[in-house]
Amino acid sequence: MSTLLEVSGVSVSFDGFKAINNLTFQIGEAEMRAVIGPNGAGKTTFMDIVTGKTRPDEGRVLWGEKSQSLLSMSESQIAQAGVGRKFQRPTVFEDQSVQDNLMLALKKNRSPFAVLGFRPSGQDLDRVEELAREIGLIDALTRKSGELSHGQKQWLEIGMLLAQEPRLLLVDEPAAGMTPAEREHTTDLLVEAAKTRAVVVVEHDMEFVRRLNCKVTVLHEGSVLAEGSIDHVTANEKVIEVYLGR
Amino acid sequence: MQNPSTTARKPRFLLADKPSVLIFLACLGLFTLGVTVLAEGSGIGVISTSFVKTLGKTLCLCLVALAMDLVWGYCGILSLGHMAFFGIGGYAIGMWLMYARTELIVVQSLSTAPLPATAQEISDGIATQIFGVVGSSDFPPIWGFAHSLPLQLAAVVVVPGLLALVFGWLAFRSRVTGVYLSILTQAMTLALSLYLFQNDSGLRGNNGLSGLQNLPGLGDVPQSAVSLWFFWASAAALGLGYLLCVWVVSGKFGSVIRAIRDDESRVRFLGYPVEVYKLFIFTLTAVIAGIAGALYYPQAGIINPAEMAPIASIYLAVWVAIGGRGRLYGAVIGAGFVSLLSTFFTGGQAPDLNLGFYTVQWVDWWTVLLGLSFVVVTLFAPKGLGGLFDLMANRLSPNRHGADLGPDAGALREKEADT
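Chains A and B are the protein sequences, given in the same order. Last residue of the first sequence: 485 in this note's numbering, with the numbers rising by one and none dropped. Last residue of the second sequence: 655 in this note's numbering, with the numbers rising by one and none dropped.
What the hints contain is simulated information worked out from the structure, not anything from laboratory work. What you were told as hints is all true, and nothing was included just to trick you.
Below, in silico cross-link-like pairs of lysine-lysine (DSS-like), each with a Cα-Cα straight-line distance of 25 Å or less:
1) Lys254/B x Lys651/B
2) Lys346/A x Lys488/B
3) Lys488/B x Lys347/A
4) Lys257/A x Lys477/A
5) Lys257/A x Lys292/A
6) Lys292/A x Lys305/A
Here the structure is a predicted model, which means the values were calculated and not measured.
If we strip away everything but chain A, and leave its shape as in the complex, we get (with noise of 0.2 Å):
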């Protein structure tokens, strides 16, 4: 399996205090990946540097066959590329209806005069409509996205994503606030997606981890703690002792 991203001895420090600490992380194509730690462990900056939003003071992050580098590409550049990412809180446009939201979020040609002369076809709408679908808003589809539940605006988010159609999904805290059957949606529509694409899933509640079934890497203090299966994670010592508590 080839490599898609590969992030090598990457350090980000915000006023002395080293959030990330020499860190390699790599994911193939197709692939799950859980990434678990502490608070502060430096989860979310990792997320950051990969979408763009901070810029590590030293290290390398390559991305896809031509082995081209993250760094010094803008957040919009990024995620034209093929990564996308979901926020802990929902984010999404509640101002805009469900159509509107997926619309947007459509893998379609960015720039200013192009979306000036967008009007969607009828295949356009047939994929919002199957993405709705999908996410189980199909009936919502007119309803301004901030009249949804917290779920819902979870799914919505996830769909706006699966329409991006990127390569590579960063997802924090999908089940953060959910009911175990919204859980439970959000673990098939996850387990889906990485079936064709990279999918890594920063998650803080094990047994949501352990229903992700896939490998797991740990973080702690900015760096990799372990790697591996959530049993050989869980039955790490310093992993026991840093997360799980003694």
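Using the hints, position chain B against chain A.
This is chain B only, laid out in the frame that chain A set:
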């Protein structure tokens, strides 16, 4: 299950989808027709020529308010510089008007001389006429194109557009947003107006340009007719500007800029180059403002740097807020209503209000009244005057328990939005 194709797949035709556009254009058409019939220029004379000019100027202010609504109400950029672009448009057309008319006068006065005047003599004569007030008799380089109407008309569009492009590129690229961007645009406006106040700026300092109501070569045409021409042109510009704005804000482009208004960084992570979108809107609205100014000042007759002071741009924001941000007709209603009311109160037509112990003179108290109504509208009727139409259409605010529609400073507030 409800069939989604019946709810969400209505064909989206620009006009059919938006009855408000047709209603707006019909109202504008009827208004134009009514004023034309009643104007002095067409015989009946119920409406005086000066009032026709006031109405024409108001239409230009409505047009610049549309631009403001596009940039602020839809894209979340609270620019306090759009009246500067408006003024630049006025200066651009004013230079040609003043030059061409002075040229006619100079040529005429020199024609009585025994020898035919040389081009140099004519040019010197014009320069002395125009710049005598600032103690100069040479043309500054900035007047290099003033002899040519097409070039000055191009300047109406190009100069505000270029200024906005360069300024916007610098500001947006550094990710200056919210109140800091407002301050920056205000600083630009202030700097421009202070520069123009100087005599050696080449635009006659605080005298500004005057006599703009006289069209060169049309001295025989009475002002009652000229005022109607400009009124029609202003109405046409407002109608076209409205259609342009509707086209821009409907569809996916509008969706993107409203998303930028509510949550800029999220739009970035969707892969949209946010800065380019902002720059596009900022420049487009600057051009609209320039055109509005070029139609306004020939009706006003005079332009001076005070017109471009920051307060003018703040008024513009107040009109849009009172009219209702984020709805195009709101901007037009706000600008039209408030500026006409302002003309009424500051023109000395409003009768003084005798309270017994104090007599309220509206010329002085109008700004206080305006300020108070701005506060009241912002607090209690955030949808503004345009919101009254929402009541008729039965559109309500969403109940979001006080939460804004997005994390950004320019995001719509709960009460500004509809469900």
